[in-house]
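Protein chains in written order, with my numbering: chain F, 1 to 251; chain R, 1001 to 1233.
Hints listed in this document are in silico derivations from the structure and should not be mistaken for laboratory results.
Check the hints yourself; a few may be wrong.
Stated by the list, open to error - With beta-carbon atoms standing in for the labels, derived distance ranges:
(1) F/184 x R/1228: 27 to 33 Å
(2) F/189 x R/1058: 52 to 58 Å
(3) R/1225 x F/188: 33 to 39 Å
(4) R/1126 x F/125: 28 to 34 Å
(5) R/1063 x F/131: 52 to 58 Å
Small disclaimer: the values here were computed from a predicted structure and weren't measured.
Glycine included, each C-beta is placed from N, C-alpha and C at the ideal position.
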Amino acid sequence: MIEIKNIKKSFGKNEVLKDVSLKVDKGEVVVLLGPSGSGKTTLLRCINFLEKADEGTLTIGEDTVELHKISNKDKRKLRGKTGFVFQNYGLFKNKTAIQNITEGLIVGRKIPKAEAIKKAEEVLEWVGMSDKRDYYPSKLSGGQQQRIGIARAVALDPDVILFDEPTSALDPELVGEILGVIKKVADKGITMIVVTHEMAFAQDVADKVVFMDGGVVVEEGKPSDVFYHPKEERTRQFLSRILPEEPDYYI
Amino acid sequence: MKNIFSWDRLWKVIPQLNPYIGVSFRIVLSGLVFGTLLGLAVAVLRIKKILIINQILSVYISFMRGTSMLVQLMIIYYGLPLLLKGTIGVDINSWDKLMFVKATFILNEGAFLGELFRAAIESVPAEQREAGYSINLTGPQVFFRIVLPQAVKTAIPAYGVDVIGMFHNTSIAFTLGVIDLVGRAKTIGIGTGHLIEAYVYVAFIYIIVSIILKLLFYLLDRKFTFGTEGTVH
Ligand SMILES: Nc1ncnc2c1ncn2[C@@H]1O[C@H](COP(=O)(O)OP(=O)(O)OP(=O)(O)O)[C@@H](O)[C@H]1O
Ligand SMILES: [Mg+2]
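Bound conformation, chain F alone:
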């Protein structure tokens, strides 16, 4: 279980997160939606301590910390329970595909090298990238890089994986296959928070959709409820811009 309570974050005078709370049950897949600048990325970054929140608490499993005064030790403890998949893949440019995965296992987790390599090879196979094992990221397509990015997060067996628009940097024809890989992660029962504007994916995979706007959670619920029976006007307006037209006879 992961719970974020009353998180606040400003950049200078720009109040980006104004008291956001979110609860995600174990195994749940939450899709985070919202217009550009609504604070989705900032929220994920605060959960992974890539950004320091001004206020709020974070609970992952048994551990609860106050985000604005967390010690380095707690930071590493909680980071050990999360994985992050970046919009621009974020693969280490100086490491091969397999080294990108083993790095966190060997250096971060202190797992013996042979065991780490075995584990990494399994995960590479699982994302369909065994044949690119020793390739550097510069030799891989965006889709291939993101498969490795996902494998890197999954290999660490985190309690929760945070995805920040994992397909928005990809060529359109590659989006589907990467969403397929992310769905496989969901099917493993891993808890996930996914920022994406892929509505079909959200409907198919998400247990819960959270709509954010202007630094607050405007509405949350089951995908079918939020998408087709939104309670808030702001949600409706946003959805009308990104959802495919509904056939007339539905209404």
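Given chain F, put chain R with the ligands in place with the hints provided.
This is chain R with the ligands only, laid out in the frame that chain F set:
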């Protein structure tokens, strides 16, 4: 004017010059080793932007980049003993003059390489560090395992040019009466009235050294390609 150059004289100057190659090498080697360490420290400190240290370093760097090495050598030769005696009471007047030449090279390289390394480190995208943190590496692990190797790759070509450049500056040691390869060539020229042969040999040594260094840096560069060498799979 037909005896400007004679092979006979060339063969004669070679053994007279050879003992001084080592002096030039020792100056460059100090500049390379300690200058690199100093440069790394300068780069890291500047990136941390600690207020007063950063200002001191920026004055130091502007001075080293804005004045000639000859001026720097003079200031270090006359100024450093006064400074050290005045501040920490250490008397270095008895130092070998070569030490002052080496100190000049180290301080000069520290500034140039410091800026080179800083630019290279800052050119590594923030996302590379963040990805490191996201897999739970510590700050030093992220720096040494992710950022530094990528920065080294960026810095290698300019670093190579810089090291080769050092060889062309060792002759400033002559100002203090320290005789290196070029200094010896000059004294031979003055003594015999024939400068060309000695300089031909100096040029020959420089070319050999440049080629060897270029080769070394080429190999180093190859080692740090990370798959970007443009081979087709
Ligand atoms: N490091 C930063 N410094 C200053 N302002 C920032 C920083 N990061 C984000 N912001 C600001 O915070 C706001 C929210 O940004 P954020 O990236 O969280 O939005 P988002 O919902 O992810 O948007 P998008 O859909 O475009 O990715 C924006 O106004 C942005 O300009
Ligand atoms: Mg974003």
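Now for the hints, and whether the structure bears them out:
no. : hint                       : result
1   : F/184 x R/1228: 27 to 33 Å : holds (31 Å)
2   : F/189 x R/1058: 52 to 58 Å : holds (54 Å)
3   : R/1225 x F/188: 33 to 39 Å : holds (36 Å)
4   : R/1126 x F/125: 28 to 34 Å : holds (32 Å)
5   : R/1063 x F/131: 52 to 58 Å : holds (55 Å)
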